[in-house]
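J.: Here is what each chain is made of, one letter per residue.
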Amino acid sequence: MATTLEQPAPGARSAEEERLIALQKRDTRRKWFWRIAGYVVFLAIWQITSQIVGENLIPSPRRIIATFPELIESGRFFSSFAATLTRIGIGFGLSFLIGIALGIFTQSRWLDGFFKDAVTISLVSPGLIWALTGLVIWGFEPQGWIFAIVMTTFALVTVNVAEGIRALPKDLIDMSRAFGVSNMRRQREIVLPFLAPFIFTALRFGFSVGWKVTVLTEVFSSNEGIGFEMRVASQLFRMDEFFTWVLSFFVFALFLEKVVLQRYERKFFRWRTEVTA
Amino acid sequence: MATVVTTAPVQDRGLIRVVKSPTFARILFPFVVLAIWYLIYYTIDSRIFPPPQQVAEFMWDEITLSSGVRYSSVAENLYVQFAISIARLTIGFFVALILGTVIGLAMGISKAADAFFHDWVMAVLAMPALVWALFLGLALGFSHLGPVLAVIFAGLPFVIINVREGVRNTPKELFDMAQAFGVPSNKVTRHVLLPSLMPFFFAAIRYAYAIGWKGLVITEVFASDRGMGWTIKFWYDAHRAHGVIGYAIFFIIFAMALEKLVFDPLADRAFKWRPKIDAVQMAEGDFGAVSSEGFLLAESQEMEEGVPMRSMEGESSDG
Chain U
1 MATTLEQPAP GARSAEEERL IALQKRDTRR KWFWRIAGYV VFLAIWQITS QIVGENLIPS
61 PRRIIATFPE LIESGRFFSS FAATLTRIGI GFGLSFLIGI ALGIFTQSRW LDGFFKDAVT
121 ISLVSPGLIW ALTGLVIWGF EPQGWIFAIV MTTFALVTVN VAEGIRALPK DLIDMSRAFG
181 VSNMRRQREI VLPFLAPFIF TALRFGFSVG WKVTVLTEVF SSNEGIGFEM RVASQLFRMD
241 EFFTWVLSFF VFALFLEKVV LQRYERKFFR WRTEVTA
Chain H
278 MATVVTTAPV QDRGLIRVVK SPTFARILFP FVVLAIWYLI YYTIDSRIFP PPQQVAEFMW
338 DEITLSSGVR YSSVAENLYV QFAISIARLT IGFFVALILG TVIGLAMGIS KAADAFFHDW
398 VMAVLAMPAL VWALFLGLAL GFSHLGPVLA VIFAGLPFVI INVREGVRNT PKELFDMAQA
458 FGVPSNKVTR HVLLPSLMPF FFAAIRYAYA IGWKGLVITE VFASDRGMGW TIKFWYDAHR
518 AHGVIGYAIF FIIFAMALEK LVFDPLADRA FKWRPKIDAV QMAEGDFGAV SSEGFLLAES
578 QEMEEGVPMR SMEGESSDG
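Chains as they are written, first to last, in the numbering used here: chain U, 1 to 277; chain H, 278 to 596.
Heads up, some of the hints might be wrong.
[As the list claims (entries may be wrong)] No more than 30 Å apart at the CA atoms, straight line, and that leaves these computed lysine-lysine pairs for DSS-like:
#	chain 1	residue 1	chain 2	residue 2
1	H	Lys388	U	Lys258
2	U	Lys116	H	Lys537
3	H	Lys449	U	Lys31
4	U	Lys170	H	Lys297
5	U	Lys25	H	Lys449
6	U	Lys116	U	Lys31
7	H	Lys388	U	Lys31
8	H	Lys297	U	Lys116
9	U	Lys25	H	Lys388
[Stated by the list, open to error] Over 12 Å on every C-beta distance to chain H, these chain U residues come out as not near it, computed from the model:
#	residue
10	Glu16
11	Ile48
12	Arg62
13	Gly75
14	Arg76
15	Phe78
16	Ala82
17	Gly93
18	Pro142
19	Leu172
20	Met175
21	Phe179
22	Arg186
23	Ser234
24	Phe268
Don't read these hints as lab results, they were simulated from the structure.
Bear in mind that the values here come from a model prediction, so they are computed numbers and not experimental data.
Every residue, glycine too, gets a C-beta built ideally from N, C-alpha and C.
All chains should be built: construct the whole structure from the sequences, respecting the hints.
T.: As structure tokens, this is what we get:
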């Protein structure tokens, strides 16, 4: 700034700094004001709508909070969470590994060409068709929902990993080639470490889609889990239970995705300044 | 480029070069899928798992309207079902686009509006379409309104976030300069804001349509008695695997056609005026896999600046 060059006196600078800090504080205060205003307005809209159309169809926020301890007491709460999380763990875990492998394969043009259409198809087609296809073939057996979860999410992982492959430092690869480093070793010691942040991003994006399709498969073919409970609650027209199931898992998934994974991502890559910047 | 196979210098190495080319691999892929399909067919212990020819026959009957299946009193065949779904999708999409642009612009320009809407937009973005589907089915019964609303709910946050991101990415200096030279504000909007908004707006359109489609078909399963989603559920309920797989393939064909015939050419046109930023990346155009998805763009605020833009460049380049 030109103004600071003219007057480098410490007193003037601190006054300027104070002004900036005050401005920043005002900005934060304003931001929080509007943020809270947003919460108040939207919650009020929710409350009023539920009053107009009736609590039976749209339960008010208060009623949902009141239903929450009931669900916990009923004992189904934790078992449902556990069932759904197991499905996500198995299905998305497998999908994640496949996605990373295919992402790494994009280094080879041949393999890239081979899997190109598979990735595009998985990206553009709705999870519903994989859920129904898997379930009509395998029924309640695990292959059905594993198939559905893998087909819906693997491409998301692949695309993010491929993004990392594209950004791969070419000079390092060239050098390793020049020194005759074996392909396996190159993958392990150059490619994978470089890809780590991209893989983390892939995990986050994949998870955000993965839990949704998992719940969808549970709606069609399960007798436990969040999706199953949602279906039962909606079929019995217990909307308060329905929304409580939805919101509790929704908040949980968001927490995992935005807080846990993001925090680990930051912690994990603190040593890499260009990633955390 | 490895894809040029016809100019092979040595004649007898031609075949090897063909086999080694990525295009060959791409053509090989469907055949491998068919082989795996047959493999499952001959090993699976299932009475309903269909061989490929049965599915192909089913699809052909559906296309030529000779299958004799009447789905319901109103929508009788594949084409009518598709038309109903597309009409619902298009209506919902335009509503989402208009509403989303307004809110997105407000959020991009005013910090107060941003703070006001941000958390709720994120919440709607992360909400599974299944929730809308089940709820709308109960609230509105079987009507056109439910599926249309589902498209709006699914597409709206994508439009909002992309438009907001676009406004934020407009170079500030250009605005300052326009102000310094006393350019009227309508001209600034047309010549500064809109051009730099275009790529983001385009991404918004593309992903709102794609996500809207995904949300729509789930909603049609639970909250409609016609449309594509309902039709695939019809075959699922009838326990006819060939019907489910056949319709799944119709879905894939539709989505791929939309991508390749509508959005890719549109993207090329929308970005024609822009100089390609990453020459290096362009050179390795066919190296990159498929375009990165909207999810990157949607959450680009959490990523380093420029990443979504770059991924979009790559996307338009490897058409």
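J.: If a hint holds in the structure, say so; if it doesn't, say that too.
T.: Evaluation of the provided hints:
no.: 1; hint: Lys388(H) / Lys258(U); in the structure: 22 Å, holds
no.: 2; hint: Lys116(U) / Lys537(H); in the structure: 14 Å, holds
no.: 3; hint: Lys449(H) / Lys31(U); in the structure: 21 Å, holds
no.: 4; hint: Lys170(U) / Lys297(H); in the structure: 23 Å, holds
no.: 5; hint: Lys25(U) / Lys449(H); in the structure: 23 Å, holds
no.: 6; hint: Lys116(U) / Lys31(U); in the structure: 44 Å, violated
no.: 7; hint: Lys388(H) / Lys31(U); in the structure: 7 Å, holds
no.: 8; hint: Lys297(H) / Lys116(U); in the structure: 15 Å, holds
no.: 9; hint: Lys25(U) / Lys388(H); in the structure: 14 Å, holds
no.: 10; hint: Glu16; in the structure: 21 Å, holds
no.: 11; hint: Ile48; in the structure: 16 Å, holds
no.: 12; hint: Arg62; in the structure: 18 Å, holds
no.: 13; hint: Gly75; in the structure: 23 Å, holds
no.: 14; hint: Arg76; in the structure: 18 Å, holds
no.: 15; hint: Phe78; in the structure: 21 Å, holds
no.: 16; hint: Ala82; in the structure: 19 Å, holds
no.: 17; hint: Gly93; in the structure: 19 Å, holds
no.: 18; hint: Pro142; in the structure: 14 Å, holds
no.: 19; hint: Leu172; in the structure: 15 Å, holds
no.: 20; hint: Met175; in the structure: 17 Å, holds
no.: 21; hint: Phe179; in the structure: 22 Å, holds
no.: 22; hint: Arg186; in the structure: 16 Å, holds
no.: 23; hint: Ser234; in the structure: 4 Å, violated
no.: 24; hint: Phe268; in the structure: 15 Å, holds
When each numbered hint is compared with the structure, violations occur for hints 6 and 23.
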